[in-house]
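Protein chains: 2
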Amino acid sequence: MRVLAKAVSELARAEPGKMIELSGWVHRIRELGGVSFIMLRDRSGLVQLVLEGKTDLTLESVVSVQGTVAVNDKAPGGAEVCVQHMSVLSRAEPDLPFPVNGDMSKVGLDVILDNRPLSLRNPRIRSIFRVQSTIIEAFTEYLRREDFTEIKTSKLIGSGTEGGTGLFEVDYFDRKVYLAQSPQFYKQTMIASGLERVFEIAPAYRAEKHDTPRHLNEYVSLDVEMAFISSEADLIELEKHLLAHIFESLVRQNAEDLAAWNATVPDPDAVFNAPTIAHDDALELARGELNRNSADGSSRGGAGQGFFEITPEVERLLCAWAGREKGIELVFVNQFPRRHRPFYTYPSSVSHTMSFDALFRGLEITTGGRRQEQYQALLEVLPRFGLKAEDLKDYLAVFKYGCPPHGGFAIGCERLTQKVLGLANVKEASLFPRDRRRVSP
Amino acid sequence: MRVLAKAVSELARAEPGKMIELSGWVHRIRELGGVSFIMLRDRSGLVQLVLEGKTDLTLESVVSVQGTVAVNDKAPGGAEVCVQHMSVLSRAEPDLPFPVNGDMSKVGLDVILDNRPLSLRNPRIRSIFRVQSTIIEAFTEYLRREDFTEIKTSKLIGSGTEGGTGLFEVDYFDRKVYLAQSPQFYKQTMIASGLERVFEIAPAYRAEKHDTPRHLNEYVSLDVEMAFISSEADLIELEKHLLAHIFESLVRQNAEDLAAWNATVPDPDAVFNAPTIAHDDALELARGELNRNSADGSSRGGAGQGFFEITPEVERLLCAWAGREKGIELVFVNQFPRRHRPFYTYPSSVSHTMSFDALFRGLEITTGGRRQEQYQALLEVLPRFGLKAEDLKDYLAVFKYGCPPHGGFAIGCERLTQKVLGLANVKEASLFPRDRRRVSP
Chain G
1 MRVLAKAVSE
11 LARAEPGKMI
21 ELSGWVHRIR
31 ELGGVSFIML
41 RDRSGLVQLV
51 LEGKTDLTLE
61 SVVSVQGTVA
71 VNDKAPGGAE
81 VCVQHMSVLS
91 RAEPDLPFPV
101 NGDMSKVGLD
111 VILDNRPLSL
121 RNPRIRSIFR
131 VQSTIIEAFT
141 EYLRREDFTE
151 IKTSKLIGSG
161 TEGGTGLFEV
171 DYFDRKVYLA
181 QSPQFYKQTM
191 IASGLERVFE
201 IAPAYRAEKH
211 DTPRHLNEYV
221 SLDVEMAFIS
231 SEADLIELEK
241 HLLAHIFESL
251 VRQNAEDLAA
261 WNATVPDPDA
271 VFNAPTIAHD
281 DALELARGEL
291 NRNSADGSSR
301 GGAGQGFFEI
311 TPEVERLLCA
321 WAGREKGIEL
331 VFVNQFPRRH
341 RPFYTYPSSV
351 SHTMSFDALF
361 RGLEITTGGR
371 RQEQYQALLE
381 VLPRFGLKAE
391 DLKDYLAVFK
401 YGCPPHGGFA
411 IGCERLTQKV
421 LGLANVKEAS
431 LFPRDRRRVS
441 P
Chain A
1 MRVLAKAVSE
11 LARAEPGKMI
21 ELSGWVHRIR
31 ELGGVSFIML
41 RDRSGLVQLV
51 LEGKTDLTLE
61 SVVSVQGTVA
71 VNDKAPGGAE
81 VCVQHMSVLS
91 RAEPDLPFPV
101 NGDMSKVGLD
111 VILDNRPLSL
121 RNPRIRSIFR
131 VQSTIIEAFT
141 EYLRREDFTE
151 IKTSKLIGSG
161 TEGGTGLFEV
171 DYFDRKVYLA
181 QSPQFYKQTM
191 IASGLERVFE
201 IAPAYRAEKH
211 DTPRHLNEYV
221 SLDVEMAFIS
231 SEADLIELEK
241 HLLAHIFESL
251 VRQNAEDLAA
261 WNATVPDPDA
271 VFNAPTIAHD
281 DALELARGEL
291 NRNSADGSSR
301 GGAGQGFFEI
311 TPEVERLLCA
321 WAGREKGIEL
331 VFVNQFPRRH
341 RPFYTYPSSV
351 SHTMSFDALF
361 RGLEITTGGR
371 RQEQYQALLE
381 VLPRFGLKAE
391 DLKDYLAVFK
401 YGCPPHGGFA
411 IGCERLTQKV
421 LGLANVKEAS
431 LFPRDRRRVS
441 P
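Sequence lines, in order, name chains G and A. Going by the working numbering, the first residue of the first sequence is number 1, and it counts up by one from there. Going by the working numbering, the first residue of the second sequence is number 1, and it counts up by one from there.
Calculated from the structure, these hints are not laboratory results. Warning: the hint list may mix true and false statements.
The list treats identical chains as one, so a pair stands whether inside a single copy or across any two.
Claimed, not checked - Quick list of in silico lysine-lysine cross-link-like pairs, BS3-like style, CA-CA up to 27 Å: (1) 326 - 393; (2) 393 - 106; (3) 54 - 18; (4) 74 - 18; (5) 6 - 54; (6) 54 - 326; (7) 209 - 176; (8) 326 - 209; (9) 326 - 176; (10) 6 - 74; (11) 54 - 74; (12) 18 - 6.
Isolated chain G (complex conformation):
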């Protein structure tokens, strides 16, 4: 019966000399005075094996061992296994392109991504995806508890609702279809169906030529939609609860993974201190923050002319301000101008909308808002956006036959992972990232 590495320390104290079986990867080999010390890696962690004599093992080979547990305060974890028998289940070739057990921060990002099957073996890199798994789990857990239903909708759409820009085209039998940029229309359909509260976790696609540390052409979208809201304030409240639950779950389940990145998540309670700032005020605030920095001499220059939209620089400035003033680098910006938002966004005035973004540690992680549910209002607004009712028949059918007030948002899973761990590039938070040049592995 196999035992996991993490159990050895306790076993050695409780039953020293007990014979156990372990399986895993050869993480490190050290030979010293006629004895081989092998660090064995399994899904639970690392444990030291001690063998008499030299070994012809190669790093990364998969082995199964039988041996006796012993307390050894000098061994990592304070215990080790004295090997009686070892069998090699799968021998690794010795020509590793880089040391899996080394400091991967010295290996370039392209090398890490080109060699994903190997780089993912590095415990610190692998920990990114344990954190991501918990983010997905906690997101799901909170929403199910609040009576949300999980849905799975098609990623192949017959036409782009807002035109074909930014869409990847797919050869679908004798015609062209597109990869969905978001499940929003399907979420709205399910709201109107009477489920009222839905969420979806699925890939989303953007055919944008960006190559920046914040963009992916394929990402995992954590999507939420909820009926019977009054304004975007209800959605911001929901997102605060979601983030607090995610942070709380990470502290509970991923302490070691966070420590590997020297990362701390915000205090779950502090999430509720996060300010909501209207778009136009946010631009002013960012200008003030920039001037403050340049007065300090800590920035590259003044911002005499101010900002006209929420740029990446504004996102960083607002989060820095909130970190200082509110104790958390999380800001909700609401009330975006109508011209910055899609046709379906619910207006809050002639010029502004019930929409919001969430900015976390200097990066937009969420876009959302209340949607227009009034059929006549939708028909009226379409021409102003250059759209025709004929082209949106399926979409409009949702509203033609009664739809409650509703809205929703999406959290970018990789961006949230990136910011939780403080990764330099969002691609590090995608197992097999896709960008303009990268389509494998």
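Could you slot chain A onto chain G? The hints should help.
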């Protein structure tokens, strides 16, 4: 503060005359002796509203009402709400293409799918997707408890591992990529990375021209992969536990949804009685079953020549046999011939493999098996399948550097939903199904 429909019955008994607020859809209107009886539908169910006089409401309009609760044994649920105030949040146009509150079994499948935004409002149709949500939840819950990590992998692949047949082609900037048929290669990468146990819930694509009640061109694949197994028997054992947990969860959470379809799930304990039959024996068994049926006069004819592969007819015969003999229509067929399985399947002999299918209620819902983890063995087998090592560099890198014995399987989410509820066509179990002709809504 809004109250849900399902709470009214208890409130009426505890606090008759209490004023409450309800929101939902106008499901049905009946006028009788100067009084209007309105069935209001929300995410929790239906409740009767009583209004003095006639009403100009349209079916499917969304309303919010205030009224007092009252016990009424003649009302559905034994209670009703006497409306004091009603506001129409969203008026439905009166030209519904079919009655949402009617018997949808009389509406053709194409009409149901063409009008998804409306047909999904029918409570019985909507219940399919509450069942599906529980299937996904229970699948996840069981695996997380067993220390599996959830992963999200790319659906855009640079090349088809087994050639380009059956793949949809995507225009990706200046090149062609493909939609993934399965995440198997990525699951195996994560096994070898040391996570050891992973699962993924994601869309999968098959560019096959089938148009049958059992095929979808896009489906949700419930994928599992596990290290340190001995044979496919370990995987069959895992799938039994998963199915038992899914069935148990459905009984607990979806009793009403199951009742709406007159569906019963197998006793979770009976899952462990499901037989495992070797492929060649299964063909013989199916032949015997067919002869038995024709002797009964209950089948269309004899099977003198027998079967040469597991056809849909064989799947039905085997499940019928198991239902009669083992008390559950679930059969695991293992030991498929090598020529029927992909190159990476682990051989159990010169001619057969450590592979299996799961058949449930006459339909294959799972394919899986142990994979070959030995690098040299993979290199040797490739030419026999017409494949070249150069084309599989990324795949082979997983095994070149040490990979434990492992295997996995995938459950088709829509097929399992279909068979749980006894739906005639798998498309009924997909929110927005894609087939050769259908790419919208």
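Hint by hint, here is what the structure shows:
Taking CA atoms no more than 27 Å apart as the test, residue 326 paired with residue 393 passes in neither setting, with 46 Å inside one copy and 51 Å between copies. With identical chains, the CA atoms of residue 393 and residue 106 are at most 27 Å apart between copies only, with a shortest distance of 25 Å across copies and 54 Å within one. Within a single copy, residue 54 and residue 18 get their C-alpha atoms as close as 24 Å, which meets the 27 Å cut-off; across copies the closest is 83 Å, which misses it. Taking the shortest Cα distances, residue 74 and residue 18 sit within 27 Å of each other inside one copy (19 Å), while across copies they are farther apart (71 Å).
In this homomeric assembly, residue 6 and residue 54 come within 27 Å of each other (Cα to Cα) only inside a single copy, at 26 Å, whereas the closest approach across copies is 71 Å. Taking identical chains as interchangeable, the C-alpha atoms of residue 54 and residue 326 are never at most 27 Å apart, the minima being 58 Å within one chain and 55 Å between chains. In this assembly of identical chains, the alpha carbons of residue 209 and residue 176 lie at most 27 Å apart whether taken from the same copy (21 Å) or from different copies (16 Å). In this assembly of identical chains, the alpha carbons of residue 326 and residue 209 never lie at most 27 Å apart, being 36 Å within a copy and 58 Å across copies at closest.
Proximity of residue 326 to residue 176 under the C-alpha cut-off of 27 Å is found in neither arrangement, the shortest distances being 50 Å within a copy and 48 Å between copies. In this assembly of identical chains, the alpha carbons of residue 6 and residue 74 lie at most 27 Å apart only when taken from the same copy (16 Å versus 63 Å across copies). For a Cα distance limit of 27 Å, the shortest separation of residue 54 from residue 74 inside one copy, 21 Å, qualifies, whereas the shortest one across copies, 86 Å, does not. For the homomeric pair residue 18 and residue 6, the shortest alpha-carbon distance inside one copy (15 Å) is at most 27 Å, but the shortest distance between copies (58 Å) is not.
In summary, the numbered hints that this structure violates are 1, 6, 8 and 9.
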